[in-house]
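There are 2 protein chains.
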Amino acid sequence: MNEKNVLPQSVSGFPEWLPQEKIAENKMLDTIRHEYELYGFVPLETPAVERQNVLISKGGDEKEIYALHRLVAQNDSEDKTASEMALHFDLTVPLARYVAQHYASLTFPFRRYQIQKVWRGERPQAGRFREFYQCDIDVVGEESLNLMTDAELPSIIYTLFTKLNIGEFVIHISNRKILSGFLRSLLIDENVHADILRIIDKKDKLAPEDMLQYLRESLQDMQDVEKVLSEINEFLSITGNHTEVFYKLRNFGVSNELFATGVNELEKVIEGVLSLGVPEKNIAINVAIVRGLEYYTGTVYETFLADHPTLGSICSGGRYDNLAGNFIERKLPGVGISIGLSRLFSRLLQEQKVNIEKSTTAPVLITVLDDAYMHTYLQVASALRAAGIGAEVYFEPKKFIKQMRYAHKKGFTLAIIGGENELSQDMIVVKNLQSGEQLTVSLDKIVDSVISQLHATQ
Amino acid sequence: MNEKNVLPQSVSGFPEWLPQEKIAENKMLDTIRHEYELYGFVPLETPAVERQNVLISKGGDEKEIYALHRLVAQNDSEDKTASEMALHFDLTVPLARYVAQHYASLTFPFRRYQIQKVWRGERPQAGRFREFYQCDIDVVGEESLNLMTDAELPSIIYTLFTKLNIGEFVIHISNRKILSGFLRSLLIDENVHADILRIIDKKDKLAPEDMLQYLRESLQDMQDVEKVLSEINEFLSITGNHTEVFYKLRNFGVSNELFATGVNELEKVIEGVLSLGVPEKNIAINVAIVRGLEYYTGTVYETFLADHPTLGSICSGGRYDNLAGNFIERKLPGVGISIGLSRLFSRLLQEQKVNIEKSTTAPVLITVLDDAYMHTYLQVASALRAAGIGAEVYFEPKKFIKQMRYAHKKGFTLAIIGGENELSQDMIVVKNLQSGEQLTVSLDKIVDSVISQLHATQ
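Here the protein sequences come in this chain order: A and B. Each position in the first sequence, counted from 1, maps to that position plus 694 in the numbering used here. Each position in the second sequence, counted from 1, maps to that position plus 694 in the numbering used here.
Chain A with its partners taken away, still in its complex shape (with noise of 0.2 Å):
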């Protein structure tokens, strides 16, 4: 046990902010949960570790997976337990085993959300992070899942985004059969259509002739390639409001009929998501979404910040088929999304996009002017809390302009100061911090007062 002069390092790519970045960090998770709960999701927690046949068994790279053992082994069965167990690098891995293990216990369809911590065990690029947030809602149901509920995500991506207030966006939509069909059409390879799409996935970090180069490569047993390429092309680049888009995809003479249910499935899922009240330019479909290769079979999403391109997508998702097919004889379809928020906070952070002005959650700072009326704002100080106002009281025998330095610096809305002068009298003074306005008012007064300024100053 080293006693002294350890380097008090935290961990280089596991995140941890100062306190005025974790409050605002606490405002961005209560908003995105609270939104979750508004759309009747239920909490869902599972432990930061799974067994590791577990993760494996749903494609985790074993490379990024962070395995367990005893610092200092015992040769018992504590290591033999830690050797079996490895951090969660997702939480839809830890949501498949348990909609599996509890699945009579839960009643479908089964609206969850996970807002919990992943681990990653690789170098983090830029932005990226080895351990970060992720906040996850899916809707699984028993063998099937009424295609309304895809409709309903791009609502809550909606609601919720417009809440987190960090600028415009737009949510990109698409069903997979609709792109997969496409190429049955042009009578592409199978066997080829994983690495078209692939390359399709990465649209927007090519070159548009790079892309096409890409594609080229992969076509080059078919003939009349370049008539092909250039359909592909034209196909990708279908835009314009949701009617235009309709219309192109149907007039753009594709015959093949997963195709045709995918525009048909899409355009239920359009329906809804302006039922619901999404704004038409929050919405764009985008052909061109992959995603998830093995994962998604229908519906996809994602958003993008207008303000953040390089951010890429900040919320994304999809329907899939079989969520837990490795773990129950029983098919399980559903649909979600997932935000990595601490990706996306840290960047706001560095843009400073987000206020930090407060380092402190409570409002009220009650000064300490005198020790012999200690009881008074101590009592003062119960007086808020149970009025349900945050309160603060300075112990520290610091000379009053310090008290009112401390105050400044965290940020509190106002200052209750009462030396002998006032309290001898049964009166007290409420500062207001940022008007510098001072209020003297009877003691027995003061949680109406503190209250009404409170709202005076929002």
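Hints are supplied without guarantee of correctness; some may be wrong.
Because identical chains share one entry, a pair is satisfied inside a single copy or across any pair of copies.
Below 25 Å or equal to it, Euclidean Cα-Cα: the simulated SDA-like pairs (lysine to any residue) are [unchecked claim]:
(1) LYS774 x LEU891
(2) LYS1025 x LYS1096
(3) LYS721 x LEU1035
(4) LYS757 x ALA767
(5) LYS716 x LEU1035
(6) LYS962 x SER1007
(7) LYS1052 x LYS1103
(8) LYS721 x ALA1081
(9) LYS1125 x ALA901
(10) LYS1096 x LEU800
(11) LYS962 x GLU951
(12) LYS1025 x LEU701
(13) LYS757 x GLU1090
Calculated from the structure, these hints are not laboratory results.
Given chain A, put chain B in place with the hints provided.
Chain B only, in chain A's frame:
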């Protein structure tokens, strides 16, 4: 990658709850956080991992620490990074490291709350877990910290546990200087003080005669052992209201400066606690409290639930001289308390002392009787949510009776019901699921009607 037949198991000692239970746990977590904020504590969240040398330097038990490694080593620098990390086993070491590391950016006294999971790699005993929530607050001063801070913490315990509404509780308070000074006054060799304190710490778990026997063995080198034992016994038996206890302590014939300081400090703290409005019946001076032998130096707290004595202390803490001496060349005295929430919650759950009736966070279920009116159902949902009322739409094409079964099973308060009959006349039904009462209202009055009915059922 296994494709099938992985047993969906969680790991023992890592609790997870069903939705209705998690809703109840969240309610407790929210109450705790809200109370901490009412007293002006700011949120802090540190990563789940710390450097191993940081954890060990503060006296972590190495066999209880879960260290990390990549599941599949890559022989690169990432392996090395992983090998330096371990999961934190409490929130005090991370606090110490954080305060030392961010010292220049913090405002002192630094009042922080921290509600996070911690991990301990030992076989969980009855009601103890390998992963559990701790809910901590600490006030950390620079060089000094006013004693009135020690009076604030019992006030928080009191108002918080009153709001948690889990039965009668008593906060036991002492000052470590009283017991230490008393032992010195008996001329007990300083070398056996630690032994004696360790035995007294187990007072509640030992039969009185066993405790005496252990003490007798530790004191075997003394003359007049039986006389000393009887004095210790009598001292530890001091009870009464605070006036009585202070009278008894001051008239016990102890002549020792540390003892006198301890009694005076404790008296000031108790005065503050009473000024803050804590009823006498919720506090007990208990000079036998020891707690963390090497850590606490002044005020100490333990909290016991009257209905659950076997739970032991559910909220404990105390005053320490120096938080981060091994990290930084500054004296940072502090005082703090910690609630081990998972253990408490799990016990309350076991004894059916928590309300787990609802497995929904939204009070309103909108049923779907006729797909042709989907637009209307979705608009009603949006209108309710815009008014801050949680609402879920039941999209699955199930018979009405099944939809109502779902509503009852999840514990919704109101169901909104509209078929062709009602909706063709712009009317809709609000059904109170507790009373069974139904009210047919005009569609454009639905939000007002729901608000007033929710109000009435509260």
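Right, here's what the structure says about each hint:
1. LYS774 x LEU891: Cα proximity of LYS774 and LEU891: none, with 42 Å in one copy and 36 Å across.
2. LYS1025 x LYS1096: between (65 Å within a copy, 20 Å between copies)
3. LYS721 x LEU1035: Intra 12 Å, inter 23 Å, cutoff 25 Å: intra and inter.
4. LYS757 x ALA767: both (23 Å within a copy, 7 Å between copies)
5. LYS716 x LEU1035: both (13 Å within a copy, 22 Å between copies)
6. LYS962 x SER1007: Within one copy only: 24 Å inside, 57 Å across.
7. LYS1052 x LYS1103: within (8 Å within a copy, 43 Å between copies)
8. LYS721 x ALA1081: both (22 Å within a copy, 20 Å between copies)
9. LYS1125 x ALA901: neither (59 Å within a copy, 58 Å between copies)
10. LYS1096 x LEU800: For LYS1096 and LEU800, only the inter-copy Cα distance (15 Å) is at most 25 Å; the intra-copy one is 57 Å.
11. LYS962 x GLU951: Cα proximity of LYS962 and GLU951: one copy only (17 Å, versus 82 Å across).
12. LYS1025 x LEU701: between (52 Å within a copy, 16 Å between copies)
13. LYS757 x GLU1090: This pair counts as neither: shortest intra-copy Cα distance 51 Å, inter-copy 40 Å.
Hint violations for this structure: numbers 1, 9, 13, all remaining hints satisfied.
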